[in-house]
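Participant: Quick note, the sequences are listed as chains A and B, same order. Position one of the first sequence corresponds to residue 1 (this note's numbering), numbered consecutively onward. Position one of the second sequence corresponds to residue 137 (this note's numbering), numbered consecutively onward.
Hints are computed from structural coordinates only; laboratory data are not their basis. Any given hint could turn out to be false.
[To be verified] Okay, the calculated bits of chain A under chain B, using three or more residues with CB under 8 Å as the criterion:
hint	segment
1	1-15
2	22-28
3	54-60
4	65-72
[Stated by the list, open to error] Quick list of in silico lysine to any residue cross-link-like pairs, SDA-like style, CA-CA up to 25 Å:
hint	chain 1	residue 1	chain 2	residue 2
5	A	K67	A	V15
6	A	K67	B	L219
7	A	K67	A	H91
8	A	K67	B	R275
9	A	K67	B	L139
10	A	K67	B	L190
11	A	K67	B	G194
12	A	K67	B	L158
13	A	K67	B	Q232
14	A	K67	B	G216
15	A	K67	B	T155
16	A	K67	B	F201
17	A	K67	B	P197
18	A	K67	B	T166
19	A	K67	B	G258
20	A	K67	B	L256
21	A	K67	B	E257
22	A	K67	B	D209
[Said to hold, decoys possible] Here are a few chain A residues that face chain B, going by a calculated C-beta distance under 7 Å:
hint	residue
23	A39
24	T45
25	A48
26	H91
27	M95
28	A96
29	P97
30	L98
Glycine included, every Cβ here is placed at the ideal spot set by N, Cα and C.
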Amino acid sequence: MEIALDLLSWALLLVGGFFAIAGGIGVVRLPDFYTRLHASGVTDTGAAYFILAGLMIQGGLSIITVKLVLIGFFMFFSNPTSTYSLAAAAHRSGMAPLDGAGGPNKPEPVEKSLAEPIEPIEPTPTKPGGAPPSQP
Amino acid sequence: MSLSAVLFGVWLLLSGHYTPILLGLGVISTLFAVAIALRMDVVDHEGHPLHLGLRILGYLPWLMFQILRANLDVARRVLGPTLAISPRMFRVRATQRTDLGRVIFANSITLTPGTVSVELEGSEILVHALTADAANDLREGTMNRLVVGVEGHE
Numbered sequence: 001m002e003i004a005l006d007l008l009s010w011a012l013l014l015v016g017g018f019f020a021i022a023g024g025i026g027v028v029r030l031p032d033f034y035t036r037l038h039a040s041g042v043t044d045t046g047a048a049y050f051i052l053a054g055l056m057i058q059g060g061l062s063i064i065t066v067k068l069v070l071i072g073f074f075m076f077f078s079n080p081t082s083t084y085s086l087a088a089a090a091h092r093s094g095m096a097p098l099d100g101a102g103g104p105n106k107p108e109p110v111e112k113s114l115a116e117p118i119e120p121i122e123p124t125p126t127k128p129g130g131a132p133p134s135q136p
Numbered sequence: 137m138s139l140s141a142v143l144f145g146v147w148l149l150l151s152g153h154y155t156p157i158l159l160g161l162g163v164i165s166t167l168f169a170v171a172i173a174l175r176m177d178v179v180d181h182e183g184h185p186l187h188l189g190l191r192i193l194g195y196l197p198w199l200m201f202q203i204l205r206a207n208l209d210v211a212r213r214v215l216g217p218t219l220a221i222s223p224r225m226f227r228v229r230a231t232q233r234t235d236l237g238r239v240i241f242a243n244s245i246t247l248t249p250g251t252v253s254v255e256l257e258g259s260e261i262l263v264h265a266l267t268a269d270a271a272n273d274l275r276e277g278t279m280n281r282l283v284v285g286v287e288g289h290e
């Protein structure tokens, strides 16, 4: 039983480490700021949660595990918020994203020039309490 | 008040000592933190959304699975020899009724690797996606619907 838990814990830690390295390689390989955010997202989520899960098994049912859960909880809220701030700041300062980087998928054009003032594509009803508009 | 309770609970968990002096210090610092928060006028319904309660617990496993799936996909593309990406910007509808719901939706988008929310504009979110698949998954609107479900009817 002890050994099984250790194996599981190490497997989780290794998977987490793999995601951390993949995220790091992604940050180096990807071509522009916005795409690099996705790679850092791999490190923020996959790597972090797997490593935390592995450590929780090492910690067992103890105060350490509770603290690890709290760390995960805070990361769950703070990571996407900071990523959003970075992306929004880049967008507002006029940084244009790359349109396709030579991948096999044909890139679709950005619907609107980012330099233009932002407005909704079509008016959306925002009645408070009203039925949400149906999705196409 | 639930904020005090939560803060004191966190203190208990983090200290792990239950001697009177430490409990007393915990009470004092909890009350101090709550007093500061009240003075700053940041205590409200959104700050500690306990009312979402159990509904969000139903959403989290689904979100975790999506995060895992997206992690594998992005890792595979990043490590692949051809770097098979086609980044794009697009807008998705956020049909949540409350600001909190929209924040949960936007954060869920960002938590899923391959999609990052760039700008929240009223009831639309500008999203940057790494691949066409990631973009289409999001456009399909499953995540949006589920977050609307988390909001519930109040």
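Participant: Does each hint fit the structure? Answer for all of them.
Facilitator: Now the hints, each set against the structure:
Remark: the segment 1-15 of chain A is not confirmed as covered by chain B, as 0 of its residues place a Cβ nearer than 8 Å to a Cβ of that chain, below the required three. Only residues whose beta carbon comes within less than 8 Å of a beta carbon in chain B count, and the segment 22-28 of chain A has 4; three or more means the coverage holds. Given a C-beta distance limit of less than 8 Å, the hint that chain B covers the segment 54-60 of chain A is violated, as 0 residues qualify and 3 are needed. Counting residues of the segment 65-72 of chain A whose C-beta sits closer than 8 Å to any C-beta of chain B gives 3, which meets the bar of three, so the coverage hint holds.
A hinted pair counts as satisfied when its Cα atoms are at most 25 Å apart, and K67/A with V15/A qualifies at roughly 21 Å. At roughly 38 Å between alpha-carbon atoms, K67/A and L219/B are farther apart than 25 Å, so this suggested pair is violated. Between K67/A and H91/A the CA atoms are separated by roughly 36 Å; this puts the pair beyond 25 Å, and the hint is violated. With a C-alpha separation of about 37 Å, the suggested pair K67/A and R275/B falls outside the 25 Å cut-off, and the hint is violated.
Only pairs whose Cα atoms come within 25 Å are accepted, and K67/A paired with L139/B is accepted, the gap being roughly 19 Å. Only pairs whose Cα atoms come within 25 Å are accepted, and K67/A paired with L190/B is accepted, the gap being roughly 22 Å. With a C-alpha separation of about 23 Å, the suggested pair K67/A and G194/B falls inside the 25 Å cut-off, and the hint holds. Among the hinted pairs, K67/A with L158/B is consistent with the structure: their alpha-carbon atoms are about 18 Å apart, no more than 25 Å.
Proposed proximity of K67/A and Q232/B is contradicted: the alpha carbons are some 32 Å apart, above 25 Å. Straight-line distance between C-alpha atoms of K67/A and G216/B comes to about 36 Å, which puts the hinted pair past the 25 Å bound. With a C-alpha separation of about 20 Å, the suggested pair K67/A and T155/B falls inside the 25 Å cut-off, and the hint holds. At roughly 23 Å between alpha-carbon atoms, K67/A and F201/B fall within 25 Å of each other, so this suggested pair holds.
Simply put, K67/A and P197/B have alpha-carbon atoms about 21 Å apart, close enough for the 25 Å limit, and the pair holds. A distance of roughly 18 Å separates the Cα atoms of K67/A and T166/B; the hinted pair therefore holds under the 25 Å criterion. This hinted pair does not check out: K67/A and G258/B have alpha carbons roughly 37 Å apart, beyond 25 Å. With a C-alpha separation of about 32 Å, the suggested pair K67/A and L256/B falls outside the 25 Å cut-off, and the hint is violated.
In summary, the hint linking K67/A to E257/B is not supported, as the alpha carbons are separated by about 36 Å, beyond the 25 Å threshold. Distance hint between K67/A and D209/B is unfulfilled; the C-alpha atoms sit about 30 Å from each other, more than 25 Å. Interface restraint check: A39/A against chain B, minimum CB-CB distance 6 Å, threshold 7 Å, status holds. The interface hint given for T45/A is met, as the beta carbon of that residue sits about 5 Å from the closest beta carbon of chain B, less than 7 Å.
Here the hint on A48/A is broken, as its CB sits about 10 Å from the closest CB of chain B, past 7 Å. A least Cβ separation of about 5 Å between H91/A and chain B falls short of the 7 Å threshold, and the interface hint therefore holds. For M95/A, the shortest C-beta to C-beta distance to chain B is roughly 10 Å, which exceeds 7 Å, and the interface hint is violated. For A96/A, the interface hint is violated, the least distance from its beta-carbon to any beta-carbon of chain B being 9 Å, above 7 Å.
For P97/A, the suggested interface contact is upheld, since its CB lies about 5 Å from the closest CB of chain B, less than 7 Å. With a least beta-carbon distance of about 6 Å to chain B, the hint placing L98/A at the interface is held under the 7 Å criterion.
Hints 1, 3, 6, 7, 8, 13, 14, 19, 20, 21, 22, 25, 27 and 28 from the earlier list are contradicted by this structure; the remaining hints agree with it.
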